[in-house]
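Chemist: Chains as they are written, first to last, in the working numbering: chain A, 1009 to 1123; chain B, 1009 to 1123; chain C, 1009 to 1123; chain D, 1009 to 1123; chain E, 1009 to 1123; chain F, 1009 to 1123.
To be clear, the hints were calculated from the coordinates, so they are not data collected in a lab. Hints may be right or wrong, so weigh each one.
Identical copies go unnamed one by one, so any copy, or any two together, can satisfy a pair.
[Stated by the list, open to error] Restricting the straight-line Cα-Cα distance to at most 16 Å, the calculated cross-link-like pairs of lysine to aspartate or glutamate (EDC-like) are: (1) Lys1033 with Glu1078; (2) Lys1087 with Glu1114; (3) Lys1089 with Asp1052; (4) Lys1022 with Asp1071; (5) Lys1087 with Glu1015; (6) Lys1089 with Glu1015; (7) Lys1026 with Glu1120; (8) Lys1026 with Asp1117.
The residues making up each chain are set out below.
Protein chains: 6
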Amino acid sequence: MANQVEEFNAYRAKMNDKILADNNKIIKRIFNLDTNAFTAGALDVQTKELLGLVASTVLRCDDCIKYHLESCYNEGLSKEKVVETLSIATLIGGTIVIPHLRRAYEYWDALEAQN
Amino acid sequence: MANQVEEFNAYRAKMNDKILADNNKIIKRIFNLDTNAFTAGALDVQTKELLGLVASTVLRCDDCIKYHLESCYNEGLSKEKVVETLSIATLIGGTIVIPHLRRAYEYWDALEAQN
Amino acid sequence: MANQVEEFNAYRAKMNDKILADNNKIIKRIFNLDTNAFTAGALDVQTKELLGLVASTVLRCDDCIKYHLESCYNEGLSKEKVVETLSIATLIGGTIVIPHLRRAYEYWDALEAQN
Amino acid sequence: MANQVEEFNAYRAKMNDKILADNNKIIKRIFNLDTNAFTAGALDVQTKELLGLVASTVLRCDDCIKYHLESCYNEGLSKEKVVETLSIATLIGGTIVIPHLRRAYEYWDALEAQN
Amino acid sequence: MANQVEEFNAYRAKMNDKILADNNKIIKRIFNLDTNAFTAGALDVQTKELLGLVASTVLRCDDCIKYHLESCYNEGLSKEKVVETLSIATLIGGTIVIPHLRRAYEYWDALEAQN
Amino acid sequence: MANQVEEFNAYRAKMNDKILADNNKIIKRIFNLDTNAFTAGALDVQTKELLGLVASTVLRCDDCIKYHLESCYNEGLSKEKVVETLSIATLIGGTIVIPHLRRAYEYWDALEAQN
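Build out the structure end to end from the sequences listed, making use of the hints.
Modeler: Set out below in structure tokens:
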């Protein structure tokens, strides 16, 4: 199961490199902003990662969900907090979110299996 | 082709079990509501399944489409009624819906092939 | 309250005339399809209007909701059936749909007040 | 400016009453879940309100944004934390979110003016 | 009718000033990117404005549509080109786009009436 | 890598044939409109393909992105123009678009590898 994590990260890294090598200024700056936005500010990093997770979930973007799940995991957030965040996303976004919830659970298991 | 149906249902069942075992109250109640909402009421079950199908299609959720296609099939709805529902979804949701229409047709064929 | 219905329809008719007078072929044909799609076929008109209503609601388009509410009302659909359709939309689309549900209730009242 | 807050809340309360008086079981339970989901659990109320705010903003629902802004305000969250949440929403959701950001700022001012 | 243009721009300018005065770095940079992205590059300004218009229309953001309609108008794009762009948006985005099409036509008339 | 292009087109063609063989009038006409809308009119074909690409990207439809990337490629549009279009989509649609940007880059490479 850990393979799912490795595969996701390898593809993500490879394509990000291609995109950034292309030197489109707008895209590079958006990637930059993405890094800056999730550093500690008025809100701490854990809260920001949960914000990223809930936004990704209601917008139903599996790759974005995986990315933020992994950051949540690495930041030491408990499964209870992550699931509570996902439950709010499912309530706000509706049952249309449930298939993404399934894949989120699967990815969380893969993150735990990896260590 | 029937395998597509089995695989979908096996994954769905396995992950639903994991999610429900986790005992998050909000998520459990949403799953519960989902079962209740599609039982007969002022509207009959067939009509409700078509409502679920058209909503899933305009929201472009392949897994939700598959789920409601299968319920439609099991409720004995004709392909004509299902396709008419999908045509309304394509008109309301636009050509962006067409890739989901392709996969819906493929899944319907798998449902028919299964029996 | 009936004014809300009249105002909505007057604006809608005036702007549709402008759009169609402009003679863009693609837009004219889409308007045409819109009329055809909701006539009786494999599905009856009432069912189709409920399909239009649920799709409009999960896509959170107030004007589309009003339009289909009015057609439902004119087709003699009971408030129970309409509300059941809206409840399915709220479950599938999530609590983000609730503000549109409020305006749908208000418009239905305006439709009833008008007669 | 405080009027904007009062008007919003008065309309919201009036229509919620109508909706709940109608006794549709699915809708009533969703309203109920909405109350439960934002009480303290693994996450505290402040964090949950920020989750509700960011989800409402990326989904571009003005009424939902207003509702969560008001809860954030009443929970004593600082403007800095609220704006940081809105900035993450704008990054994730894109410039399409900006018109909602304008109205969010206006509503926050109305909340402050009210007291 | 020209008032609609003035009102839109006055509100937009006033709230943008408030937002930018707040000095949130992420938001300021996104506003900056927004200006840069629509200057001439590999694509000319007219093409970029049509891209902005079609994206705003399929995402159903009235304020974004108004903003790009006005830029299109100021860049000297013909109504035929603008309407063709809107027709592609309506086809891709579906009939759910039509209410925004009505308001787009109204705003274009206001732009023409203003001069 | 060229296989990705062939596979995509083969599946697309096969399922389009099935859908059209089914003779649903609404769906057939929408397919027809789709062909007509992208022929030269007030706007040339290249511009229209970029409009299709940006709309598909902000709506986050991978298959639609692939389809328009391929048309852009066949119409002789430079990678610079295509990437500039994708950058506008990422700005307007937000970082939620980035996973689709990765797959768009991969597909463009497959298109180039094919020849």
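Chemist: Hint by hint, say whether it matches the structure.
Modeler: Going through the hints against the structure:
1. With identical chains, the CA atoms of Lys1033 and Glu1078 are never at most 16 Å apart, being 28 Å at best within one copy and 24 Å at best between copies.
2. Taking the closest pair of Cα atoms, Lys1087 and Glu1114 come within 16 Å of each other only inside a single copy of the chain (13 Å); across copies the shortest separation is 34 Å, beyond that limit.
3. Proximity of Lys1089 and Asp1052 under a CA criterion of 16 Å is satisfied in both settings, with 15 Å inside one chain copy and 10 Å between copies.
4. Taking the shortest Cα distances, Lys1022 and Asp1071 sit within 16 Å of each other inside one copy (14 Å), while across copies they are farther apart (21 Å).
5. Taking the shortest Cα distances, Lys1087 and Glu1015 never come within 16 Å of each other, neither inside one copy (22 Å) nor across copies (27 Å).
6. When the C-alpha separation of Lys1089 and Glu1015 is checked against a cutoff of 16 Å, the pair qualifies neither within a copy, at 26 Å, nor between copies, at 31 Å.
7. Within a single copy, Lys1026 and Glu1120 get their C-alpha atoms only as close as 30 Å, which misses the 16 Å cut-off; across copies the closest is 14 Å, which meets it.
8. With identical chains, the CA atoms of Lys1026 and Asp1117 are at most 16 Å apart between copies only, with a shortest distance of 10 Å across copies and 30 Å within one.
In terms of the numbered hints stated before, the structure departs from hints 1, 5 and 6, listed from lowest to highest.
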